[in-house]
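Chemist: Chains as they are written, first to last, in the working numbering: chain V, 9 to 802; chain R, 1433 to 1675.
You may find that some hints are simply not true.
[Stated by the list, open to error] Reference listing, derived: stretches of chain V covered by chain R, where coverage requires no fewer than 3 residues with Cβ under 8 Å from a Cβ of chain R:
id, stretch
1, 49-59
2, 102-116
3, 735-749
[What the hints assert, rightly or not] Covered by chain R, according to a simulated footprint, are these stretches of chain V (three or more residues, beta-carbon under 8 Å):
id, stretch
4, 80-87
5, 229-239
Since the hints were made in silico from the structure, they are not lab data. The model shown is predicted, which means the values in this text are computed figures rather than measured ones. All residues carry an ideal CB built from backbone N, CA and C; glycine is no exception.
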Amino acid sequence: MSNPLSRREFLVLAASAVGSTTALASLQRLLQNSDPDSVDIRLITGEEERIVPGVCLLCPSGCGVVTRVSDGRVVKLEGSPMHPINTGSLCPKGQAAPELLYNPDRVQGPMRRVGERGSGEWESLSWDEAVGLVAEKLANLREAGQPQRAALMFGEARGQLRSFLQRFMQAVGSPNTISRDSLNVAGAKLATYLTQGIYDMPAYDLENSNYVLSFGASLLDAGPVPQRMVSGYSYLRQGRATRGKVVIIDPRQGVSGAKADEWIPIVPGTDAALALGLAHVIIRAGQIDSSFVHNYSFGFDDFPNESGTRLIQGFKSFVLENYDPETVSEITGVPAATISRLAGEFAGSQPAVAVLPGKGGLLNGSIGGLYAAMAVHCLNAVVGSIDRPGGVLRQRYPAVRNWPELPDDPIARQGCRADRVDGAGTRFPLARHAYQAVADGVLDGYPLEALFLYDANPVYEAPGGERFVEAFQRIPFIVSFSSFLDESAQYADLVLPEPTFLERYEDHFIEGFGYPGVGLRQPVINPRLETMSVGDFLLRVAREMGGPVAEAFPWQTYQGVLRQRLRLEGADWETLQELGVWMTPGYRFARRGSEKWVNEVVGSERRSAPRDGYFDFYSRELSCILETLSEEERERLGLTDDGNDPNLPRYVPTEFVGEEDEYPFMLNVITLMSLGPFTAAANLPTLQEISGMTVDVTWDSWVEMNPEEAHRRRLENGDEVWVESPFGRVKTQVRLVAALRPDVVNIPYNQGHSAVGRYARDRGVNGLTLLNPESEPVTGLAAFTNTRVKVYRA
Amino acid sequence: MARWAMVIDLDKCVACQGCSIACRFENNTPAVKPSEALKGRAIRWNDVFPIPINPEEEESEEYPNVKTRYLTRPCMHCANPPCIKVCPVRATYKDEEGLVRQNYDRCIGCRFCTVACPYGVRYFNWHKPEWDGELAEANNPDRLEGQGVLEGPAVRPLGVVEKCTFCIHRLHKARARAEAEGRELRSEDYIPACVETCTGKARFFGDLDDPESIVSQFEQSPRAFRLLEDVGTHPKVIYLREG
Chain V
9 MSNPLSRREF LVLAASAVGS TTALASLQRL LQNSDPDSVD IRLITGEEER IVPGVCLLCP
69 SGCGVVTRVS DGRVVKLEGS PMHPINTGSL CPKGQAAPEL LYNPDRVQGP MRRVGERGSG
129 EWESLSWDEA VGLVAEKLAN LREAGQPQRA ALMFGEARGQ LRSFLQRFMQ AVGSPNTISR
189 DSLNVAGAKL ATYLTQGIYD MPAYDLENSN YVLSFGASLL DAGPVPQRMV SGYSYLRQGR
249 ATRGKVVIID PRQGVSGAKA DEWIPIVPGT DAALALGLAH VIIRAGQIDS SFVHNYSFGF
309 DDFPNESGTR LIQGFKSFVL ENYDPETVSE ITGVPAATIS RLAGEFAGSQ PAVAVLPGKG
369 GLLNGSIGGL YAAMAVHCLN AVVGSIDRPG GVLRQRYPAV RNWPELPDDP IARQGCRADR
429 VDGAGTRFPL ARHAYQAVAD GVLDGYPLEA LFLYDANPVY EAPGGERFVE AFQRIPFIVS
489 FSSFLDESAQ YADLVLPEPT FLERYEDHFI EGFGYPGVGL RQPVINPRLE TMSVGDFLLR
549 VAREMGGPVA EAFPWQTYQG VLRQRLRLEG ADWETLQELG VWMTPGYRFA RRGSEKWVNE
609 VVGSERRSAP RDGYFDFYSR ELSCILETLS EEERERLGLT DDGNDPNLPR YVPTEFVGEE
669 DEYPFMLNVI TLMSLGPFTA AANLPTLQEI SGMTVDVTWD SWVEMNPEEA HRRRLENGDE
729 VWVESPFGRV KTQVRLVAAL RPDVVNIPYN QGHSAVGRYA RDRGVNGLTL LNPESEPVTG
789 LAAFTNTRVK VYRA
Chain R
1433 MARWAMVIDL DKCVACQGCS IACRFENNTP AVKPSEALKG RAIRWNDVFP IPINPEEEES
1493 EEYPNVKTRY LTRPCMHCAN PPCIKVCPVR ATYKDEEGLV RQNYDRCIGC RFCTVACPYG
1553 VRYFNWHKPE WDGELAEANN PDRLEGQGVL EGPAVRPLGV VEKCTFCIHR LHKARARAEA
1613 EGRELRSEDY IPACVETCTG KARFFGDLDD PESIVSQFEQ SPRAFRLLED VGTHPKVIYL
1673 REG
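Please work from the sequences and hints to get the whole structure.
Modeler: So, in structure tokens, the structure goes:
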């Protein structure tokens, strides 16, 4: 060894030094000679280093990333300073992305099932064969005049891919392009639609808000765009002259509640009452934005019916009559004084904003969840926080969302007119998607003959997902595009793995600031495995099918699609590749009542009610939809006349499954910052290792319990327990969490996989298996928070 | 000569653990097996964890008046570091810019330093660092080498102690770049991975000897405090209280 003193030599020397002063002296001399301060230290690094921009896809945020490629290997991701969502930041999921790229359990190439469904026996096939098989299947369905028997379920697709997938299915002739929205954001989107007339998640101007009231939203760790919320939060705290206040309303404190100024542990499922109670106090105190509610909204005051024969009760008198602080306190468990104070703070700290969650309490299995979201959104309108600084923004997108007209094709036209397998628009009149209900549709006899799964793992991620295993038995042809053999892909006939987000072209619209923008994914290294992006694959299928389907997709590659269409938007491809992001920053507010206001901000997406720029406290859109329903329909949907006007947001008590006597706890399946909402993240060892940071658990599940409740059952931290609902039971360990309502228990999401890979499999439990699999009858939303459980020692 | 320091604003920190994992991929600390993680042998130089409330100063923990607090903890790079005093082989030492460094080539794994450190930020390699399959492809190739010196992200041998280096290799890179561009090193040239990734923009880094630097300014903040200020270690990681 050339080193003057390596560790081994030192040890040898040290051993001989015992009893030998000469040796000791030489040892000391050596130590001095090799003083690191005096040694010439060289920096070794890669020979060839590159930085490539892209967009992360380990949660829905879509943060810009820059990837360091050293000698052809991806060694590190950083947040892209150019991207507005994260401006250089990156959360642990994004940081762990190299474990996704180099994951040992990725599907190596296209595979065809050879054994029984789910037997795990596969053979590889070529991409040409795969294209041929899929094209043939779809062509056969079209020839038989039944293209609607093909369906595509998809999860995350926030760029052009979303409409690309829909266009593909429409060109084939199927109305069945089914988004995962009904498991998360559809409730908030629908509420915004029924009040503001825009079917989308609102964006929130946290940066300029003085007071943020977050309803059931895990604002900072699990919202629909977590990093955007964190960025806004951080700025509101210490980035400007005055520090904004944050209040978290949630049965569980979580990290968001811990970081907030105030945590309101509300009775689960009563958010509507609290929002309306706050509105009550604000209205009574005369702290409303009078100009807004009287000139730019509908149904705040009582109004005459069409024939002018009687007055219909408006929001104001309805709320004043029914939601005084004492009544609301009874319902929500929040002290009346607190309600009055919060209302005063909210109205007195303008601009203030009430934030809707991506999921959580809104998905409580009854139409009350929808009303809750409407009530929260109306709270913004009461104080005029619609489209103004510090309030609600209308999210704009690049115009590339609109595609050229599809070619005229009678087969497709007829197919697209068919009912959907998920019952959206039929069984569920308000639903646009009912992802979890696809299983019900199939089991009820919808003759699905081909099912495509893109970033979709319904067997795992839908409440009562096991129904999909049964439903899959009735579908003769199932294709999964998953990069991992997840719970759903293992039942597929073809697994056609897509490259990871670091190996493919894709765009991702920037959501959360209101203004339009797009981030670009691109291959930072050559794809490692025999993968093909779903866009490229479907373009090849379209070409193979010929006729009108091919005509609808004249592009050779998905990269070509992006390149051509983004250029139409004015985005220069080379610049986009270099920066990874293109946007028109700076949100432009609309003057109330102006043309821009009417065309873009309030009411422009209404399908039935007037697009007149009025914000609906009294939902005319809902009224139009409900009017079309027959008496029997209403009965089936549980919309029987209870004396309340169904078009006003109101509190509807949650109908829990499981009697309180037997099942004392409401089960809440929580999303973690670490494991996030996407299946693949569960197979990243680093995220497994840090997943239970808040409760000192690693590589496992747990159930959170209030200490007092636990002690009453003689349960201590770490005890093994069964958590049992009327739908099943799971065994896991107890964690005592003081900052939790005594009547609620939480199980974190994204553990308990039975497939995916070595790190995810057989680790912890999947809380969703305990949940009520019934969809909400009117909106088609999955029911995440209306199941009770009991907890007992295992 | 610079005196590098870090400021962590707990009012902006959202306990996301981004720092922890940015550090992992920058400095090559692999995930350990679940059984080892359970024993607390996972190595993350910058860990994030909930801290109990001090009952002497605050209300007792009765629902609903409970507030969980989170702390993120790198090496404090103390001005008076106890770890270097107990090291029998000068494997850990403080350099002239105040960075407390760790030379894996000299470390004999006696773990005196892990005991001496009052902050618990020194980690022992109970196992040879290992990555499954091709996960090692993502290893950062950066390292510092010299005669008898091995530092930075260099993959550690079994049985040595390691810790946060304030991403010392990034300092060397920044210096090389400044030199190549024929200019002085600027404070903003050198940013550790955790500071760069921080989702809440809660971390700041700079030179305490420069009165204009952001860290010098924050040091004056009424919200500023250091961990275990009374034990005389003089940490160069400065926290800012919530509120």
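Chemist: Taking the hints in turn, state whether each one holds.
Modeler: Structure-based check of each hint:
1. 49-59: holds (count 6)
2. 102-116: It holds, with 9 qualifying residues against the three required.
3. 735-749: holds (count 4)
4. 80-87: holds (count 7)
5. 229-239: Holds: 4 residues of the stretch 229-239 of chain V have a Cβ under 8 Å from chain R.
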